[in-house]
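Full structure from sequences and hints, please.
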Amino acid sequence: MTVSLYQSGVSGLLAAQQQLATTGHNISNVNTEGYNRQRAEQNASVGLNNGNNYIGSGTYIQDITRLYDQFSHKEQLMNQSNLGNADSLHARLTQLDQVMSTSGNAVVGSLDNFYQALNGVADNPNDSGLRSIVLNQASILSNDFNELTNNFDQMTKAVNGEIEQVASKISEISKELAKINETIMHTNGALQTGQPNDLLDKRDQLIGELSEYTNVSTIEDANGVLTVMIGQGTTLVAGITPLTLQVNAGDPDVSKTELRLVSGGSNVAINGSKLGGSLAASFEFRDEHLTQTRTEIDRLAMAISSTLNDSQASGLDLNGLQGANIFTDINSTQLQQGRVLAHSTNSPVSTAQTQITINDVSKLPTDEFEVRFEAGTYTLYNMTTGSNEVLGAPGAGAPPGTHTPTSPDYGFSFVETGTPVAGDVFSVVPTKNSAALMETTLTDGNAIAASTAVAVTPSTHNVSDGKVAITNVINPVAARASDITVDVYESAPGTFSYRVFNTATPPPAPTIAAGTYASGASVLVDIPAGTPDFQIEISGDLVGAGTNARETFAIGDAFGVGNGNHAVAMAKTQEIGVTNGGKETFGKSLAVSTSVVGSKASNANITADTAQALYTQSYNRNQATSGVNLDEEAANLLKYQQAYQAASQIISTANTIFDTILSAVR
Amino acid sequence: MRVSTSQFYLQSSQAMSQQSANVNDQMAHLSSGKRILTAKDDAVQYGTLAGYKDDLANIEKYKRNINQAESHNNLQEVAFSDAENILNSIKEQMLQANNGAMSDEDLQAIAKQTRNSLDQLLDLANTQNENGDYIFSGYQTQQQPFSQQVDGSVSYSGDSGIQELQIAKNIKIPTNQAGDAAFMKVDNAIGDFIASYPTAPANTSGVALESANVTDRNTYNGITIPHNYTFNFGPGATELNVLDNGGVNIYNTTTYAAGQNIPLPTGIDVTLSGNPLPTESFTMGEQEEVSIFKTINDAIAWMEQGSVTTGSEQHQVDYNTMLNQMNSAMSHVTSRRVDSGVRLQVLESQKNRHLDTELAVSSNKGKIEDLDFAKAISEFEQAKIALQASQQAFSKVQGLSLFNYI
Chain H
20 MTVSLYQSGV SGLLAAQQQL ATTGHNISNV NTEGYNRQRA EQNASVGLNN
70 GNNYIGSGTY IQDITRLYDQ FSHKEQLMNQ SNLGNADSLH ARLTQLDQVM
120 STSGNAVVGS LDNFYQALNG VADNPNDSGL RSIVLNQASI LSNDFNELTN
170 NFDQMTKAVN GEIEQVASKI SEISKELAKI NETIMHTNGA LQTGQPNDLL
220 DKRDQLIGEL SEYTNVSTIE DANGVLTVMI GQGTTLVAGI TPLTLQVNAG
270 DPDVSKTELR LVSGGSNVAI NGSKLGGSLA ASFEFRDEHL TQTRTEIDRL
320 AMAISSTLND SQASGLDLNG LQGANIFTDI NSTQLQQGRV LAHSTNSPVS
370 TAQTQITIND VSKLPTDEFE VRFEAGTYTL YNMTTGSNEV LGAPGAGAPP
420 GTHTPTSPDY GFSFVETGTP VAGDVFSVVP TKNSAALMET TLTDGNAIAA
470 STAVAVTPST HNVSDGKVAI TNVINPVAAR ASDITVDVYE SAPGTFSYRV
520 FNTATPPPAP TIAAGTYASG ASVLVDIPAG TPDFQIEISG DLVGAGTNAR
570 ETFAIGDAFG VGNGNHAVAM AKTQEIGVTN GGKETFGKSL AVSTSVVGSK
620 ASNANITADT AQALYTQSYN RNQATSGVNL DEEAANLLKY QQAYQAASQI
670 ISTANTIFDT ILSAVR
Chain V
41 MRVSTSQFYL QSSQAMSQQS ANVNDQMAHL SSGKRILTAK DDAVQYGTLA
91 GYKDDLANIE KYKRNINQAE SHNNLQEVAF SDAENILNSI KEQMLQANNG
141 AMSDEDLQAI AKQTRNSLDQ LLDLANTQNE NGDYIFSGYQ TQQQPFSQQV
191 DGSVSYSGDS GIQELQIAKN IKIPTNQAGD AAFMKVDNAI GDFIASYPTA
241 PANTSGVALE SANVTDRNTY NGITIPHNYT FNFGPGATEL NVLDNGGVNI
291 YNTTTYAAGQ NIPLPTGIDV TLSGNPLPTE SFTMGEQEEV SIFKTINDAI
341 AWMEQGSVTT GSEQHQVDYN TMLNQMNSAM SHVTSRRVDS GVRLQVLESQ
391 KNRHLDTELA VSSNKGKIED LDFAKAISEF EQAKIALQAS QQAFSKVQGL
441 SLFNYI
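Residue numbers (my numbering), protein chains in the order written: chain H, 20 to 685; chain V, 41 to 446.
Worth flagging that the hints you see were computed from the coordinates, not collected in a lab.
There may be inaccurate statements among the hints.
Cross-link-like lysine-lysine pairs, in silico, DSSO-like; alpha carbons within 27 angstroms at most [to be verified]:
#, chain 1, residue 1, chain 2, residue 2
1, H, K607, V, K209
2, H, K602, V, K93
3, H, K591, V, K405
4, V, K209, H, K382
5, V, K436, V, K74
6, H, K93, H, K176
7, H, K382, H, K607
8, H, K602, V, K209
9, V, K103, H, K591
10, H, K607, V, K131
Listed next, the stretches of chain V that the computed footprint assigns to chain H, with coverage defined by at least 3 CB atoms under 8 angstroms from CB atoms of chain H [what the hints assert, rightly or not]:
#, region
11, 45 to 58
12, 86 to 95
13, 260 to 270
Fair warning: this is a prediction, and the values are worked out from it, not measured in the lab.
Ideal Cβ placement from N, Cα and C applies to all residues, glycine included.
This is the structure:
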């Protein structure tokens, strides 16, 4: 009996020691990340049969388990991925929003200053100081666009850098997990009982870290080896074999880097935006939001350049020459070729040279396009809407090689030369590089076309309401030489008969144009017919008093150093709608782009707040089971201390009993 | 629910960092005074705000243009006002010269005065503005518009260009008046024709062309030969024959009475004044507009003829024609001055409209963009207090541990 008592005491002592050790372990690891608190399970030893009674023989520690709820752990992982995604997207969109708001304001400011200076020239066209101020403002404007593009480039670089870092971190985690899996497998395989709790904790903590970067799901097999999958089921750790992630340059756009999953000697492409977590946020930001904003800014730069260049070309500068381009020509060779990128998978035998010519900026969308050569024809695919249109065989179109989509008309033409090979794919971004390459090419203030070339002077005998207006000047220098008379009279009720002729050779000599138009309508006339130098529009009820008493208008040279009327017309372009089908002015276009980014950032803010709240809740739930509470452990310390003391008392009692028996025998 | 130690610390630190971020945010708004710093603060209203800013920038642009246009038109108005004064004094000199008691020397003296006035007017017509541009040259602002030839006539070498400035979205206002419209194209007081009277022998009856207007443009334009007409009186006492440029007799009446309307079949209505004598004649040619300088030069030449004894009726006819033309010139210059004045009125009213609009847009913009300071400061205080509270709560609770008691 005393022997059993002795045994019980010792077992209690040992059990209390293990309990104290476990409690001590918990207390020391109170601040360890990912630590699940451990508990020693104490069981009573089997009783020994003595006579008719089973006398218990103490206690033993059955198992030291960690308190781990796999369901709440999985919930925490999922919420952590969402939080990683939302936080990353929020931070990047806020940065983009700030860049757009500040740089956007700078662009609006310099646009205003440019037009103010232009109005100054309109008032005083002869002042060369005012003219050079206009060019100064123009170069500030183009610099602002360059700066904005630089900012976008920096952001792209930063995002690409982060993607690389995250990819290498994930690869490291993958290798670590594989090692731990191996160790766990060996431990289990050696038929040792008991869980390697700390190894399991470490593994779970690594998975927790992984979940911030991507979505994670796990499957545990009989040996305790965990297979880890990221994203929508791509295996990252297959048991004890790690796979790694690698970042490759994009194709065809080098700055759009792509992920590849590397296993042994082979690699597979992974769609980064479907992985979830902060990695997906990086891809989404770079490929959707930043690209969209960049395309809109490029389109705005293109609209400003082409509107002002076209306006310059229809006026005369201080020396009587046709106004030259103020900004880089939107169809310069460098820009045209930069808009098309050939895929690296294209056959090396293919000799196709491609470029994009912009015809009408107002029709240009922000969609992305691809042109594929298959079955002998080029086909245009709109990657954003999903529609497609057959462009034609190589060399078709007029001039040869020029293919213009018509349904719908996007405002650009695809120009190709050379021989393609079936399967060639080209990515088309019609607005690419417009803001980065925008420069003020004009250096001489005298070259600003402030003067109109021709003007219409109505005769003082005209009595009716109606006018002849100059609508389009194509060759202002040649237009100056015109000396044209237009006369109109009402030949029949509601029908107006007009003649356009050189003043020097009036009818019956041949006219430049003659015809009729109905009341309320108007007519456009090319002067001279065929390849016009300029066009006029005759409109209104020009009722003359008879076939000889026609309403006449004289059109002639209007050039003068004091003529600033063309500068007035150029300054008016600030208020006409150009982009988006002619509905938005420049200022409005920029404001729309900025608002869109702002609202995305604000939404991302709300999503991030929600994700944070959800994560905190699931973390709390997890911690409720697995977290260490110092007060609880302190109480446990006392409890097990007392148990230890009591157990040692048992031994001392057993000793006393033995002594008593010994002293009885003496 | 069980709370672990690390959970407690995590929550406290999260709460504190959230509160400090709030306080920071409020401070940024307070120090800038704006509710909307970036589009993220209020994406929906950001677009409207950008629209208001655009409007204000446009109004600023128009106000500047209005200022420039006002200064140009002011300069012209002053020039025309001076021109009016000069023409007034020339007319006085002409009236003076018509006094029969004037001797040759007196007339020469007056002619000299008139010549001085002409020089003054010429100088006025060649006014330059503060930039050295000629204001009456049309588009050719570097080119002096009016120059006097050796024979005394004044020619115009500018053009008819009208320079305009944009003062509102759809309103452009002219900022100059071309010199030809201002000084060369004065309406002919007679109408569309001028008369030239024979000199030797001169008419003695004092018959003059009073008015000649094109009434039927249709017929008038249909005539292919130049519109020169010769009026021959006689041989009857009240007979009048009118020949066209080709010598064809197009009108004949034997019962001519002074002042009656002579309707020519080529679409012209003519009225003469005075009682013509047989064998008198004159010719009539097209001229719709007469230059002021020509009128003044004619007056000077008339005065320099001195006191005329023979052919004084024709001398008087010439004088009457000139005086009528001078009146027409004066009312023309007054009209030009009124033109400038009207433009100044338009500019003034447009400027007021812009100021009103500017006020309205500014206040709308302020409603969206400006910070409501009372609300912001109270929110700032709240955030500050929340931060303090979370800090104090943390410091109080973190000291509670069972280990302190065992």
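key: Violations among the numbered hints, reported as their numbers in ascending order   = Hints 5, 6 and 10 contradicted; others consistent.
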